[in-house]
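Sequence order for the protein chains is L and C.
Take any residue in the first sequence, count from 1 to its spot, add 24: that is its number in the numbering used here.
Take any residue in the second sequence, count from 1 to its spot, add 1: that is its number in the numbering used here.
Treat each hint with caution, since some may be false.
As the list claims (entries may be wrong) - 20 Å max Cα-Cα, derived EDC-like pairs, lysine to aspartate or glutamate: (1) L/K37 - C/E49; (2) C/K61 - L/D43; (3) C/K61 - C/E44; (4) C/K122 - L/E404; (5) L/K381 - L/D459; (6) L/K37 - L/D47; (7) L/K193 - L/D459; (8) C/K61 - C/E19; (9) C/K122 - C/E112; (10) C/K122 - L/D209; (11) L/K37 - C/E19; (12) C/K122 - L/D156; (13) C/K122 - C/E172; (14) L/K37 - C/E112; (15) L/K381 - L/E361; (16) C/K122 - C/E49; (17) L/K37 - C/D142; (18) L/K193 - C/E49; (19) C/K122 - L/D459; (20) L/K37 - C/E175; (21) L/K37 - L/D57; (22) L/K381 - L/E404; (23) C/K122 - C/E165; (24) L/K193 - L/D168.
The set of hints was computed from the structure by calculation and includes no laboratory data.
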Amino acid sequence: MRVEDDFETRVGKRLGERDHDLDAYVPRRPPLDRLITGRRRTATRAFQGAFALGTTAVVAVAIASLLMTRGSGVADSSSALPSAGASGSAVSTPSPENTPSTTEIVQSPSMPIPPTLDPAKSPRLATLAVSDVNANSLVRWVPDSSAFALINVAGPSVTHGDAIFFDAKGSQLGAIDATDIGWLDAHNYVAFRPTDPITGAGTAWSGQIAGDATPTIPGSFIGILAGSHGTVALSYFTDGSTGAEYALFSDGKLGARRPGVPMAWSGDGAMLAVLHVTQAQVSVGGSDSGWIEITRAADGSARQAIRSTRVGRLDRVSFSPDGRYLAVGGDASSVIEVSTGHVDRLATTYVRSLGWKPDGSILVDTNEPYLSLWRAGSIEQTDLVSGWYWSLSSAGVIADGDGQASARLTVYLGDGARSLDLPATVSSWPAWAGDGRSLVAICEGSAVLIALPASSS
Amino acid sequence: MREASLLVREAEVGHSFEPVYAAAWPRVFRYVWVLVRNREDAEDLTAETFRRAYDSWSSKPFAGPDVIPWLLLIARRLVINRARRRALVAWVPLSLASGVKDMNDHFSQSEVTLWFGALAKVLTTRQYEVLVLRYQFDISDGDIGRLMNLSEAGVRSLSFRALEALRHHPEVLE
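Required output: the full structure, derived from the provided sequences and hints.
Here it is as structure tokens:
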């Protein structure tokens, strides 16, 4: 039985009153039959049926079913693209083809469920010396995987700062006052800290892990995204009426600004994918229309691709290791061939995670209870593992051990599966080091560095 | 709150999902909204919660003593999953950021929204959640423990710390 003091009673009473206030804003529930007969469910059932019977005919039905649902699918990546050069910048490449190719979907025999390995060969865990880690904490590995920054945390030995530097073994290197970090190389960073609590706008500066920070970079910014070869993009905020811009830096120098929000650099730092938003509507189920632009850092030339009415949901963007393709996840999930602008649709449901494999194929995690593999224009369904949450990389796959957002993770590497028991429920996507040998998981209240077995790479 | 629980329990007797859906929808929505404080997200996540619950119920109807903690657990996992996605979009422009895009929405500027925002500001995420579950939704410490992956003692300890933190901000309760 709870024994409540006066203060506790007051808190309970106030929360009860507020709960009553909230009742006025509860939306009407949709009819149950409409709720459960969505596109996701139709596709899932079709594939489950195909698996159960295992006949070519049924697989064909499942494929047809999915293709039909794809037809009604995501965003309008097939729409006419807006004209480039809204910012007055150079546009040297032609518009991409707008029509996605018809991708064939087949069941993959190539990725059987890996064996569960000897627990003695499981990854090693190291809990980092930080005390205030939450779901908003971020991990930023340096490009060569020799160190990482843990952001939006505090540590027992840290007297200032929200960003703590660690080496690859988990030893603390230092801390700074920053809410985000972009790495220029293994030692040099660009940091950001908001100063206006209303708009989120703030200041940016550069520095070294073991060294002094340089003076603040002129301007007022809302975020950063660093490339790997001395190139960095900074979201530049002007004011509420004109929206956000970003400044393209090359070797630390201020470059031309373009409207848009930087999303991903190619591995060699030569290209930057930028999100452009043309309209922000305010409504239930509303949409933000816009497009993705691929900019070459060397000369500022740009190519437009993927027009969507839901660009606000495009939050998985990455270049292939060789820079040939750009994968876009979210609501308008597609693969863009950079040289031609050819668009190939990935999925019709929300893409939660994308992971490039060394052979140029992509692991795709959607709202479906299976993993898909995109390779050269076709999508294959895989039965690697079932689970809700994934963190994909070229080195392996992570899923919740029981598919239920628990404190147990299952790590699938090239040679099999391993279970990991963490201190608490994982509250943020585990962040892989670039070399695929380590990752950091943000749990509720702690951060864990996971070293993968040497034999697994 | 009590009434909703009773309705849900009565609905369970018939092992039909629809009465559970009807009775529990408001409560699950309120819980999700308190966590995400964005109406559109809360509506999406609540619908997904019941979709998943229905899938599970179809194969095996829930047999526990109270279906509400089970539904809240599903909802909480979906909220965590959403937070994982959001953690990767730090550079989404202001106009797209959660909580900003519906600045003109009456609900987002209502007193209740501002009040929960102020409460969340003075507490850690887990302190905020444990207070909401314990005092707003009247969930037992055991069920809160299962929801938040804590022991009952851990729930009480976290709740105590949350109340202590709140004592330093009496203005929030005004």
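Worksheet item: For the pair supplied as a hint, L/K37 and C/E49, is the alpha-carbon distance within the 20 Å limit?
Response: Violated, at roughly 30 Å.
Fill in: Pairwise hint evaluation, L/D43 against C/K61, where the allowed Cα distance is 20 Å at most
Judged against 20 Å, a Cα distance of about 32 Å means the pair is violated.
Practice prompt. Below or equal to 20 Å on CA atoms is what counts here, so check L/K37 against C/E112.
Written response: At roughly 17 Å apart (the allowed maximum being 20 Å), C/E112 and L/K37 satisfy the hint.
Fill in: Distance restraint between C/K122 and L/D156, which requires alpha-carbon spacing of 20 Å or less
holds, 15 Å
Worksheet item: Has the given pair, C/K122 with C/E49, been kept, meaning a C-alpha gap of at most 20 Å?
Response: Violated: C/K122 and C/E49 sit about 27 Å apart, past 20 Å.
Worksheet item: Quick one, are C/K122 and C/E165 close enough, alpha carbons at most 20 Å?
Response: Holds - the C-alpha atoms of C/E165 and C/K122 are around 14 Å apart, at most 20 Å.
Worksheet item: Taking 20 Å as the top limit, are the C-alpha atoms of C/K61 and C/E44 close enough?
Response: Distance ~25 Å between C/K61 and C/E44 Cα, so the pair is violated.
Fill in: Given hint L/E361 paired with L/K381 - CA-CA distance at most 20 Å
holds, 16 Å
Practice prompt. For the pair supplied as a hint, C/K122 and C/E172, confirm whether the alpha-carbon distance does not exceed 20 Å.
Written response: Measuring from Cα to Cα gives roughly 12 Å; hence the hint holds.
Discussion item. With the threshold set at 20 Å, check whether the alpha-carbon distance from L/K193 to C/E49 stays at or below it.
Written reply: violated, 39 Å
Worksheet item: Are the Cα positions of L/K37 and C/E19 separated by 20 Å at most?
Response: Distance ~31 Å between L/K37 and C/E19 Cα, so the pair is violated.
Practice prompt. For the pair supplied as a hint, L/K193 and L/D168, confirm whether the alpha-carbon distance does not exceed 20 Å.
Written response: Distance of about 14 Å is within 20 Å: holds.
When the structure is compared with the earlier hints, violations turn up for hints 1, 2, 3, 4, 10, 11, 16, 18, 19, 21 and for no others.
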